[in-house]
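K.L.:
Okay, here's what each chain looks like letter by letter:
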Amino acid sequence: MMTKRFSCSTCQSADKPLGQFIADLPIETSFHRVEAQEVKCEFGLEGVCCRLCANGPCRITPDSPRGICGADADTMVTRNFLRAVSAGSGCYIHIVENTAWNLKNTALAKGTLKGRNALERLCDMFEVTGADVYEKAVNVAEAVLADLYKPAFERMELTKKLAYAPRYRRWEELGILPGGAKSEVFSGTVKSSTNLNSDPVDMLLHCLRLGISTGLYGLTLTNLLNDVMLGEPEIRLAPVGFRVIDPDYINIMITGHQHSMITALQDRLIEADVIQKAKAVGAKGFKLVGCTCVGQDLQLRGAHYTEIFDGHGGNNFTSEAILATGAIDAVLTDFNCTLPGIEPICDGLQIKQICLDSVAKKANAELIDFSFDVRTAATERILDDIIAAYVARRGEVPLNLLPEHGNDNTLTGLSEGSLKAFLGDTWQPLIDLIAGGQIKGLAAVVGCSNLVSGGHDVLTVELTKELIAKDILVLSAGCSSGGLENCGLMSPDAAELAGPKLKAICQQLGIPPVLNFGPCLAIGRLEIVATEIAAALGVDLPQLPLVLSAPQWLEEQALADGAFGLALGLPLHLGLPPFVTGSPIAVQVLCEDMKTLTGGHVLINGDAIESAILLEDIILQKRKALGLS
Amino acid sequence: MRRILIEADKCKGCKNCSVACMKAHVPEGTVFSLSDPQFESRNTILLDSEEKCRPLFCRHCDKPACVNSCMSGALVKNPDGHVLYDRDKCAQCFMCVMNCPFGVLKPDRATGTYVVKCDFCALHGGEPSCVKNCPTEAIYVKEVE
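Residue numbers (my numbering), protein chains in the order written: chain C, 47 to 675; chain X, -6 to 138.
If you are wondering where the hints come from, they were derived from the structure by calculation, not from laboratory data. Don't take each hint at face value.
[What the hints assert, rightly or not] Here are the simulated lysine-lysine pairs, DSS-like style, with alpha carbons at most 30 Å apart: (1) LYS150(C) to LYS70(X); (2) LYS86(C) to LYS82(X); (3) LYS407(C) to LYS196(C); (4) LYS99(X) to LYS86(C); (5) LYS196(C) to LYS207(C); (6) LYS547(C) to LYS50(C); (7) LYS135(X) to LYS86(C); (8) LYS45(X) to LYS99(X); (9) LYS62(C) to LYS125(X); (10) LYS16(X) to LYS86(C); (11) LYS547(C) to LYS407(C); (12) LYS86(C) to LYS70(X); (13) LYS82(X) to LYS70(X); (14) LYS99(X) to LYS50(C).
Chain C extracted, bound-state conformation:
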C-alpha cells in the first residue's frame, strides 16, 4: 500500500508514534522540509533586516550600523516587532469581532444560547441587562463591538470591567490603556511604516497596549461569548490522537479558531435527514475530527457535542499527518493555523478543501460565503460537496490509519468556571495547596508548536515534564495542549511523572499534573484563574508564584499573546528569541526594564532542564516574597 518513503530526513517529534508515522509517509510534510531550511539568515533572526522602503533591504553590520535612511538596529528591530505584534493582534481581534457578531445575530434570530449562566455573568460584568436572554445577549455583543470600533484616542469601556484593578491602575500610570482594538492595530501598522516612528521604547509600549486589547478582548471575551452560544466547558475524560478517526464515517477535519462560525453546520450534521444522506452513500454518518485550536475548543465543550465529535486529532503540525491517514474527506477552515502544506496532500488524496472566511482562503480551496444570513443554504451546499468527495475518493484512496495513537483518557473541559466548581466553587483548596507547598507554583505552558525548538512539541513536552517533576502544576492552552495531550501528559496516569507532592495530590483527586484548558484563546481563561487567585490573596499578579512559558511559539499571534503576558506582569519564557536580539534596547527593555514597568520580563532559553530551573527559581523567589516557605 504505502511503502515508499518520501525521504529519510524528518525532524524530531516528542510524539514518537507520530514522528514514525510521518517518517514512513510517501508524501512530503513540514517535518520533511526542516532540513532544507536549516541555514537561517542571521540578519532575519536578529531582526536587523529592513525592507520598508526602496532603498532596502538594509542590514546592520559593524561596518554598516545604520540603514540608508539612518535607522539603527534598535529602530529596525522594534519596528519589525511592532509590525508582527500588530498583525498578531489583528488576528485575534478579527476572531472576537466575528464572535460578537455571531452572538448578536444568533440572539436576534432567537437561536440557541446554550450558556445561560455565562450570559448572566457577562451581563453582571458589563452592567447591562435586557428584557429576555436574547435582548441581554444582543446588548452584551453590542457592548463588545462598540469598544472594538472605537477610535484610537477613545479608551475602550469594558477594559476596566474586565481587568484586575491593580493591573488597570498600573496600565493607566504607564499610559498604555488601549483605544478601540481595531484602531490600535491600525496605529501599530502606521507607526511601524516607512520613516514614521523611530523610538524603540514608544514602539515597545505600543506592543503592550496591543497586548492588553488582544488579551482582554481577543482572548478572554472570545471565550466568554462562545460560552454563551456554545455551552460552558465541563470536565470530562475524552479520547485524543489519531484513534479518534473512524473511517466508517464521512470525516471532516476542522482547522481554525472561530468555533461559533461552524456551529450551524455542526448542528446540522447530526440531524436525521443528513445522517440518512450519509447512509445512502455507505457511511454511518458524519464526524468532525478536531485539529488546531477550533478542535481544541470543540473538545473543551465536548460534553455538549458527544454525537458529532469523537475527539481532537492533533495540533498545527499534526494536520498534514491526519490528512495522510486517507480517512479525512474534507477540510473545513475558518481561520489559521491551516498550513499551506496541506494543499498538495489534499490534491493528492482528493480531499475537499472548504474555507468559510476569506482571511483563511487557501490556494486550492473553495471559499464559501458563510455569513449569518446565508449560512443555512450554504450548509446544504457544503454537505453535498463533502458527500461528493466521499463518494469519489473512498475505495480509491488507500487508508493508512494509526488507531493505537493517542489515548482514551485525556482530562479536558477545564475552564476558570469548571475548575473552580471542581474545587468546590472556591479557589481556597488550590491556594492552600500552594501555600502549604504541596504545589510549589503554577506554570502556564502555552502557545504553538514549531519544528525548530528541538522538533515538534519537543521543548514543550520536555519542559513540562521537568516542571511537574518539581511539583509545579502546569496549565496549558493552545497547540501546546495538543502536543501534551497526545503525549499522555494530560491523562491521570501522568501523575507518575510528577514530583512526590504533586503526584500525591493528582492521585488523590484523579487528575493529571497538566491541566488542559484547550485552545490558545483560553490563555484568556488562565488570566481569569490567575486574577481570581490574586484577588483572593489580595495581591497583584506579578506577586503570584506563577510563570508563563510559550516554549515553542510559532507565529505573530503568539507574540501578541506574549505582549499580554508582559502587560499582566508575568515572567515570560520563550524557547527562541522573537527576532529582537539585534537591538540592545529591545533586549534591555523586554528582559530587564519591563520588571519596573509592568513587573514582567522575558527570559529566553531553549534547553528544557535549564529553563525549568530558571522558572522554578522565579517561583521560589515569589514564594519567599509572599512569606511562603
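Assemble the complex: chain C is given as a structure, and chain X must be docked to it using the hints.
P.N.:
Quick look at chain X alone, frame taken from chain C:
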C-alpha cells in the same frame, strides 16, 4: 593565484552568496527564478556540529582531485591556478564528484548530465559574484602562493 578565502565566523547564513552565484550563471535568454531547479549555486552553506555556519566554496585546489580523476580532459587547472570545466568534453562519469574532498562538486539537479562547478565568474571579469555580494566580508579574494 587568486583564491576565495573564508572567515566562517563572520558568516550570517543569509545565502546572498548562493543567490549571487545562481544569478551569475543564468544562461542567455533565460529568466532567473529562485524556484526553478535549473538555477543552481556552485557554493552552499552548511551547519557544523555546533550549528555554526560553514560556507563551502570550490577551493581551486593546488592538487585538484577532480582534475586528477577526470579522464576526458573536461577539468583542467589553468596557468592562473583556477580549475575550469568544459561541459562539451565531459563524459559524465562524475568521478570528479566522487573525488572532491570538500563535496562541492555535484551533477546538475535538473538533468544530471553535467557538473556544476565554480568558474571564478570568468564571464564577469573574474571577480566572484559571491564575494561581491557578501554583506559581512566572510568571503574575500586573496592572492596566494
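K.L.:
Between LYS547(C) and LYS407(C), does the CA-CA distance stay at or below 30 Å?
P.N.:
With a Cα-Cα distance of about 49 Å, the restraint between LYS547(C) and LYS407(C) is violated, given a limit of 30 Å.
K.L.:
Would you mind confirming whether the straight-line C-alpha gap from LYS407(C) to LYS196(C) stays at or under 30 Å?
P.N.:
holds, 28 Å
K.L.:
Next pair to validate is LYS86(C) with LYS82(X); report whether the Cα-Cα distance is within 30 Å.
P.N.:
violated, 38 Å
K.L.:
Would the pair LYS86(C) and LYS70(X) pass a check requiring their Cα atoms to be no farther apart than 30 Å?
P.N.:
violated, 34 Å
K.L.:
For the pair we were handed, LYS16(X) and LYS86(C), check the Cα-Cα distance against 30 Å.
P.N.:
holds, 20 Å
K.L.:
Taking only the CA atoms, is the gap from LYS62(C) to LYS125(X) under or equal to 30 Å?
P.N.:
violated, 46 Å
K.L.:
Against the 30 Å threshold, does the CA-CA distance of LYS99(X) and LYS50(C) hold or violate the hint?
P.N.:
holds, 25 Å
K.L.:
Given the hint that LYS547(C) pairs with LYS50(C), does the C-alpha gap stay at or below 30 Å?
P.N.:
violated, 48 Å
K.L.:
Taking only the CA atoms, is the gap from LYS82(X) to LYS70(X) under or equal to 30 Å?
P.N.:
holds, 15 Å
K.L.:
Has the given pair, LYS45(X) with LYS99(X), been kept, meaning a C-alpha gap of at most 30 Å?
P.N.:
holds, 23 Å
K.L.:
Against the 30 Å threshold, does the CA-CA distance of LYS196(C) and LYS207(C) hold or violate the hint?
P.N.:
holds, 17 Å
K.L.:
Assess, step by step, whether the Cα of LYS150(C) is no farther than 30 Å from the Cα of LYS70(X), and give holds or violated.
P.N.:
violated, 78 Å
In this structure, the hints that do not hold are numbers 1, 2, 6, 9, 11, 12, in rising order.
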